[in-house]
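Visitor: What follows is each chain in one-letter form.
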Amino acid sequence: MSQDVVELEGLEPDAVEDEALAQIVDQMWESYFAASEPFLPSFEPLEVTGDVLCASVGITGARPGLVTVTVPRAAGRSLAAVLLSEDGDLDDEDVYDALGEVANIIGGNVKALVPDAGALGLPAIAAAPPLPRTGSRCAARLDAVWQGHPVSFVVWLAGSAATAPATEV
Amino acid sequence: MKALVVDDSRVMRQIVIRTLRQAGFDWVDVVQAENGREGFEAVRAEQPDIVLSDWNMPEASGYEMLQNLRASGQDVPFGFVTSEGSEDMREKAAAAGALFLIAKPFTPDAFAAALAPVLGGGSAAAPAEVATAGRCVSESGTSPLPSNLAVRNLLSDLLGRDVEVSPGTPTAVGGAPGSAVGLYVDDRLRSSAVVVFDFALAAHAGAAIGLLPPGASEAALEDGELSAALRQNANEVLNIMASLFNVEGAPHLKLHAAYAPGEVLRPDVVEACTRTGSRLDLAVEVARYGKGKLSVVTL
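Residue numbers (the working numbering), protein chains in the order written: chain A, 1 to 169; chain B, 1001 to 1299.
Be aware that a few hints might be false.
Far from chain B by the CB rule (all over 12 Å, computed), these chain A residues [said to hold, decoys possible]:
(1) GLU17
(2) GLU19
(3) GLU30
(4) SER42
(5) PRO45
(6) THR49
(7) GLU93
(8) GLY100
(9) LYS111
(10) ALA119
(11) ALA128
(12) GLY135
(13) VAL145
(14) GLN147
Only part of the chain B face toward chain A is listed, based on derived beta-carbon distances under 8 Å [stated by the list, open to error]:
(15) SER1009
(16) ARG1010
(17) GLN1014
(18) ILE1015
(19) ASN1056
(20) GLU1084
(21) PRO1105
(22) THR1107
(23) ASN1235
Hints listed in this document are in silico derivations from the structure and should not be mistaken for laboratory results.
Positions of the beta carbon are idealized from the N, C-alpha and C atoms, including for glycine.
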């Protein structure tokens, strides 16, 4: 197998691509955040650093995957306030719950695109993005700015035999 | 009417409840549960008219809850509200007995279209394109109006009296002493027809079917109130009226709710009773008892 062939295989569309992820996020924003500030996709990857929250949901099956949503804690609080339609004091539980639900909605819709997917896990919240499993690759990514905060959505999928290991972590 | 909302996320329960309101179901009471086990218990304790449940939850999933409900003979209308809306999930949901699956993210329109057949009302536009669990809700046809003759024959057989019917005017609902109203649904719980008896006909038919003397209905007319026995009998007549709609090729209808004269009617039932178009308005006379009015509206 020549190097050229490997590169071509690496360019094959994966089950979930940036465009599909963007569509899913867009639909969710339209449904639940339309009344808030606009969601501005970024063409450059954005680094979410400092006091961050990351919600992730796993997908089991032939190609296990992980969907993550990473935001600064302050943005997590704003997301929860919009979803709950409550401006008052939100406790951490509400913020984790809201961010987890965002990850769950994205995860459920991503799972529908993955062939031979098994089950969708329950959302987990951490203070840093989880390390994806060995052999996973970043299948799709969407970075955006909302209320001045960076928001990052990433879909990790275990590489299949047909995909090149170029972006493996 | 009562809806049970089951989701482990408080945020999502709030969104579901808010969306119910936005979809026009602001007259529905809502109770909540946090997982499939609590939801199962809440169905027994609260007797909701519909369950809206997440699929993926700790302790017991919505799917397990639905299976447990059906295994224990509970046939409460059940719909999933879940982030997983693939064909596989819809088929699995339908096979387990779910009426529909609403995929997250959802809009008030999706709620209105999926729930109006169960709850009635709502602000649904034509629900033709709504993908429910497994199939489309607009499949079956509407019920035909019965003929004057069919109404006469049924009442005559049922009451054991000669009955005369002639073209009449719409029977009013609301006000005092009010009218008896039956709401009929098909086997997917869609509101499909209403029958209205004015107060006099409810009294006369209730007395005749119960073999009570004509004095019983005359007394009710004087009091402006039906006795418990007459109310129950009138409901029984409304129940049997369902057979008017059950003709070959039409959806099978059954009485879903009977409202006694003076009882507060659901707004969508009032709307159905006063709808123009597919309706039959009759003046009815039950021999030896008296005259009244009857309206049939198919939806």
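Visitor: Going through the earlier hints one by one, which of them does the structure break, listed in rising order?
Guide: 3, 7, 8, 9, 10, 23
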